Amino acid sequence: MKYIKQLDSVRAIAVLLVIISHWLPKSFPLNQFPIGVTGVNIFFVLSGFLITSILFQNKNKSEVSNSTIIRSFYARRVLRIFPIYYLTIFTLLLLHEYTKTNIEEDFIYYLTYTTNFNFILNEKWDGMLSHLWSLAVEEQFYLIWPWLIIFIRRKYLIHMISAFILIGLGSRFIFMDYDWNRILTTSCFDSLGLGAMLSWFTVYKVSLLPRFYKWIKVLSILVLFNYILYFLFYEEGYWIPIPQGTIDSIIATLGISFIYLNRDSGSPVFRFLLNQPALIFFGKISYGIYLYHKILPSFTWMIRFKLQGILPSLKPVFENQNMVLLTDFIILILLSWLSYRLIEMPFLRLKKHFKINQANSKTLYETS
Numbered sequence: 001m002k003y004i005k006q007l008d009s010v011r012a013i014a015v016l017l018v019i020i021s022h023w024l025p026k027s028f029p030l031n032q033f034p035i036g037v038t039g040v041n042i043f044f045v046l047s048g049f050l051i052t053s054i055l056f057q058n059k060n061k062s063e064v065s066n067s068t069i070i071r072s073f074y075a076r077r078v079l080r081i082f083p084i085y086y087l088t089i090f091t092l093l094l095l096h097e098y099t100k101t102n103i104e105e106d107f108i109y110y111l112t113y114t115t116n117f118n119f120i121l122n123e124k125w126d127g128m129l130s131h132l133w134s135l136a137v138e139e140q141f142y143l144i145w146p147w148l149i150i151f152i153r154r155k156y157l158i159h160m161i162s163a164f165i166l167i168g169l170g171s172r173f174i175f176m177d178y179d180w181n182r183i184l185t186t187s188c189f190d191s192l193g194l195g196a197m198l199s200w201f202t203v204y205k206v207s208l209l210p211r212f213y214k215w216i217k218v219l220s221i222l223v224l225f226n227y228i229l230y231f232l233f234y235e236e237g238y239w240i241p242i243p244q245g246t247i248d249s250i251i252a253t254l255g256i257s258f259i260y261l262n263r264d265s266g267s268p269v270f271r272f273l274l275n276q277p278a279l280i281f282f283g284k285i286s287y288g289i290y291l292y293h294k295i296l297p298s299f300t301w302m303i304r305f306k307l308q309g310i311l312p313s314l315k316p317v318f319e320n321q322n323m324v325l326l327t328d329f330i331i332l333i334l335l336s337w338l339s340y341r342l343i344e345m346p347f348l349r350l351k352k353h354f355k356i357n358q359a360n361s362k363t364l365y366e367t368s
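Residue numbers for the sequence shown follow the UniProt record's numbering, beginning at 1 and rising by one.
Keep in mind the hints are simulated off the structure, nothing from the lab.
Treat each hint with caution, since some may be false.
Unchecked claim - In silico DSSO-like links for lysine-lysine, alpha-carbon gap of 30 Å or less:
#1 Lys-26 - Lys-155
#2 Lys-124 - Lys-2
#3 Lys-2 - Lys-294
#4 Lys-294 - Lys-284
#5 Lys-5 - Lys-214
#6 Lys-355 - Lys-5
#7 Lys-155 - Lys-284
#8 Lys-61 - Lys-124
#9 Lys-284 - Lys-59
#10 Lys-284 - Lys-2
#11 Lys-355 - Lys-155
#12 Lys-294 - Lys-100
#13 Lys-205 - Lys-2
#14 Lys-306 - Lys-100
#15 Lys-355 - Lys-205
#16 Lys-61 - Lys-294
#17 Lys-214 - Lys-2
#18 Lys-26 - Lys-352
#19 Lys-205 - Lys-5
#20 Lys-100 - Lys-155
#21 Lys-351 - Lys-59
#22 Lys-217 - Lys-2
#23 Lys-315 - Lys-2
#24 Lys-294 - Lys-59
#25 Lys-61 - Lys-26
#26 Lys-5 - Lys-124
#27 Lys-61 - Lys-306
#28 Lys-59 - Lys-315
#29 Lys-26 - Lys-2
Since this is a predicted model, take the numbers as computed values, not measurements.
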């Protein structure tokens, strides 16, 4: 399966939704909807699709042992995710007196990728680090998913994936009255599982993929209609029949299915949106953008505060929110690009030593 550059555009759209949600005021039109949560759920679906594709492709190589597949998977994940994550949290630990976070007290949760449980168990939600819950969920997913994919027989895989989705949906319903519902690991299984199901069709049932796409399209229309009705006729205590995360995930699966089926198409959507170099660039550095986007504004605020004391004439500039947002966004992109080039890329080059398929062709999962 060839690398699909449009998936980087999907990453870009997801991370931009998260930034809009966290940076812009509630009065902003898009923030009338929970687009930040939507962005995270898009990431989950995409992750489920890409990670499962890696595992399926390696599982199909009969000459490769299960232990080799597992070792390769975890080594490549560590090289992709750990470097800038741990650099960030250790840096914040050293600077905790300036950032006023709870990272020193709760460091074990950040160290072990269990920050979602810190909120669930201790009701601690550290503002500038609160977004790390989604990275924790992904790491917890990685702990179990390779073993299930590799050791369950091929004919039972679709049943296991379906059960995974149902567990996620059930978890969302059972815990829907709790604020921490959406950050509970099991409540994200439907998002991750839908991505995995799409992967199963692309690998094992390609002939049925157009039919799967039609099913998802119909389901997306139904859940979107339900979503619109919810906002139009909202009343206190109104119960939305389908959880928000599931709605996001179904629509994200539709979008990724469309991209896969039309990856070589010259349609206007691809030409004018998903093939845009800027979006693809943002997608490539999206991990850094996501990781830094809530942390950076705290530091830029401190810098502005210091500069304002030294140069009072700059006060009108610093009080211009549009200028502040634009400056922070430019710094965020620059920081993420430097992070990608100077830190992430050297580690990503090491992934070749753990690559099972040594073919020269660029594969789907080389960017995952």
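Results of checking the hints against the structure:
For the hint linking Lys-26 to Lys-155, the alpha-carbon distance of about 48 Å lies beyond 30 Å, and the restraint is violated. A hinted pair counts as satisfied when its Cα atoms are at most 30 Å apart, and Lys-124 with Lys-2 does not qualify at roughly 43 Å. Taken as a hint, the Lys-2 and Lys-294 pair is broken in the structure, with Cα atoms around 34 Å apart against an allowance of 30 Å. As the CA atoms of Lys-294 and Lys-284 are separated by approximately 19 Å, the hinted pair is consistent with the 30 Å bound.
With a C-alpha separation of about 23 Å, the suggested pair Lys-5 and Lys-214 falls inside the 30 Å cut-off, and the hint holds. Of the supplied pair hints, the one linking Lys-355 and Lys-5 holds, its CA atoms being roughly 20 Å apart against a limit of 30 Å. Under the criterion of a C-alpha separation no larger than 30 Å, the hint pairing Lys-155 with Lys-284 is inconsistent with the structure, at around 35 Å. As the CA atoms of Lys-61 and Lys-124 are separated by approximately 45 Å, the hinted pair breaks the 30 Å bound.
Note on Lys-284 and Lys-59: the hinted pairing holds, with a Cα-Cα distance of about 27 Å set against a maximum of 30 Å. For the proposed pair Lys-284 and Lys-2, the alpha carbon gap of about 16 Å is at most 30 Å, so the pair holds. Restraint check for Lys-355 and Lys-155: the C-alpha separation of about 26 Å stays at or below 30 Å, so the hint holds. Pair hint Lys-294 plus Lys-100 holds up; C-alpha atoms about 14 Å apart against a cutoff of 30 Å.
Between Lys-205 and Lys-2, the direct Cα distance comes to roughly 17 Å. Compliance with the 30 Å bound is thereby established for this hinted pair. For the proposed pair Lys-306 and Lys-100, the alpha carbon gap of about 17 Å is at most 30 Å, so the pair holds. Of the supplied pair hints, the one linking Lys-355 and Lys-205 holds, its CA atoms being roughly 25 Å apart against a limit of 30 Å. Note on Lys-61 and Lys-294: the hinted pairing is violated, with a Cα-Cα distance of about 42 Å set against a maximum of 30 Å.
Under the criterion of a C-alpha separation no larger than 30 Å, the hint pairing Lys-214 with Lys-2 is consistent with the structure, at around 23 Å. In summary, the hint linking Lys-26 to Lys-352 is not supported, as the alpha carbons are separated by about 45 Å, beyond the 30 Å threshold. For a cut-off of 30 Å, the pair hint linking Lys-205 to Lys-5 stands: about 23 Å separates their Cα positions. For the proposed pair Lys-100 and Lys-155, the alpha carbon gap of about 52 Å is over 30 Å, so the pair is violated.
Straight-line distance between C-alpha atoms of Lys-351 and Lys-59 comes to about 19 Å, which keeps the hinted pair within the 30 Å bound. The hinted pair formed by Lys-217 and Lys-2 meets the criterion: a straight-line CA distance of about 24 Å does not exceed 30 Å. Distance check on the hinted pair: Lys-315 and Lys-2 sit about 51 Å apart at the alpha-carbon level, beyond 30 Å; violated. A threshold of 30 Å between alpha carbons decides the hint, and for Lys-294 with Lys-59 the separation of about 38 Å lies outside it, so the pair is violated.
Restraint check for Lys-61 and Lys-26: the C-alpha separation of about 50 Å exceeds 30 Å, so the hint is violated. Distance restraint check for Lys-5 and Lys-124: the Cα-Cα separation of roughly 38 Å exceeds the 30 Å cut-off, and the hinted pair is therefore not satisfied. A hinted pair counts as satisfied when its Cα atoms are at most 30 Å apart, and Lys-61 with Lys-306 does not qualify at roughly 59 Å. Between the alpha carbons of Lys-59 and Lys-315 the distance comes to roughly 60 Å, so the proposed pair goes past 30 Å and is violated.
Our distance criterion of 30 Å between C-alpha atoms is broken by Lys-26 and Lys-2, whose separation comes to about 40 Å.
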